[in-house]
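Student: The primary structure of each chain is shown beneath.
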Amino acid sequence: MDWGNIIKKMESIVKTGNILSGFKINSDNKTQEINFHVHVLENGKVSEAELANISQQLRPQFKQVSQFLFETPKAQANITRIKEYSIDNDIDQYSKNFVRENIPERDKATWFTSLILRDAFRKGKMDEVQRIKDQVRDTQGERGNNITNLCSANYLETLIIPLYKLLVEDRGDKSKFLEIYETIVVDFPFAVFVASNTTLEEVKAEIIEKIHTVRMYGWYRVSVHGIGSENVKRIQKLALEIQNENDDVAGVDINSHQSSGTIVTVTLTVGAKE
Amino acid sequence: MFNITFENNSRTKKFILGLFGKETDENGYIIESMTKKRILGADGQEITLSDFGVLKNGSEIYAKDDIVSMVSFYEKFLAKN
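One line per chain: the protein sequences are B and R, in this order.
So for the first sequence, this note's numbering puts the first residue at 162; every next one is plus one.
So for the second sequence, this note's numbering puts the first residue at 3; every next one is plus one.
Be aware that a few hints might be false.
Straight-line distance between alpha carbons at most 20 angstroms, and here's what the computed SDA-like set of lysine to any residue pairs gives [claimed, not checked]:
no., chain 1, residue 1, chain 2, residue 2
1, B, K235, R, N10
2, B, K235, R, N11
3, B, K257, R, A81
4, B, K170, R, N11
5, R, K78, B, T241
6, B, K235, R, D45
7, B, K235, R, D27
8, B, K224, R, G23
9, R, K58, B, Q228
10, B, K244, R, R40
11, R, K78, B, M171
12, B, K269, B, A213
13, B, K294, R, D53
14, B, K244, R, N11
15, R, K16, B, M171
16, R, K78, R, I63
17, B, K269, R, L80
18, R, K78, B, D268
19, R, K16, B, F229
20, B, K269, R, N5
21, B, K257, R, E77
22, B, K224, R, N10
23, R, K16, B, P221
24, B, K224, R, E25
25, B, K169, B, F229
26, B, K224, R, I18
27, R, K78, B, N263
28, B, K235, R, G23
29, R, K58, R, I18
30, B, K235, R, N29
31, B, K257, R, S74
32, B, K235, R, K78
33, R, K16, B, Q254
Not everything, but these chain R residues come out facing chain B in the computed CB check (under 10 angstroms) [stated by the list, open to error]:
no., residue
34, F4
35, E9
36, K15
37, L19
38, G23
39, I41
40, V56
Simulated from the structure, these hints should not be mistaken for lab results.
Idealized CB from N, CA, C, for every residue including glycine.
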């Protein structure tokens, strides 16, 4: 491919039309990479007809190019960051592979983005953190927001991956895993995640607070998640206690996601008791 | 490889689309100039001029430029390069 001639032809067409500013070409003979920037001025004097004419003249030149990538500066910045994170085998390699292979298709890209956000946070790059959070919220809504929060709190590694290992790898029950996974993602703002080092009183207080939050926002359930046989017992006991003491709790579903007594998800349905 | 960055304004985007025989309909969606049919982006959805941020060769792949779309795009089309 004769890069030189293609570029010369393009330059002559463009200069004739005088439409492009910031038209810089950097060429790298070793990798045969040509980089240039296109900017058609919004308030430029060139008419639409002239633009169409120039476009038509340039088209055959692009047909000769077998590999091209057009991107906005935002796309370029995003791809650069994604590539940098993806190829660094020292960072989150197990988590990256888990997301690629086992997270539901609709959420893979959001989880991967959330890993990049978490990496930026750990490195103190707060501008990047905000930029990524804004893009996720704008394009993926509440579900995307929940996933970034779950990831930042390390629930991919501490809850979702162990859940997958237990339900899918050990028990072959992928549909159960997907069911619980969905609850985790959708219910995140109204969920309690129980760690081994929290006291019964702390867990109970958090559940009751979430019940009030659910009532305020018009949601209908609080999900309580825990791993480990001790947590399973604590959560079961607390759930029944809270149901007895609290008129806001219409029902408690304890056993639907229990597996071998080591993982539990308890759902408290919030609504007036009949 | 031709790496071309372009300004994120309507006129520049329309110019880029024109190079590949595309334009926009009255609702701002990208269409084939010949057939007036809306094209599908890399995520399988119709794509508007304002969302359009990336075009790659290989049957002309159009994509949005937000980071989540770019993760999918990178994994699918660039990671193996």
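Student: Which numbered hints does this structure break?
Tutor: 4, 7, 10, 11, 12, 14, 20, 22, 28, 30, 33 and 39
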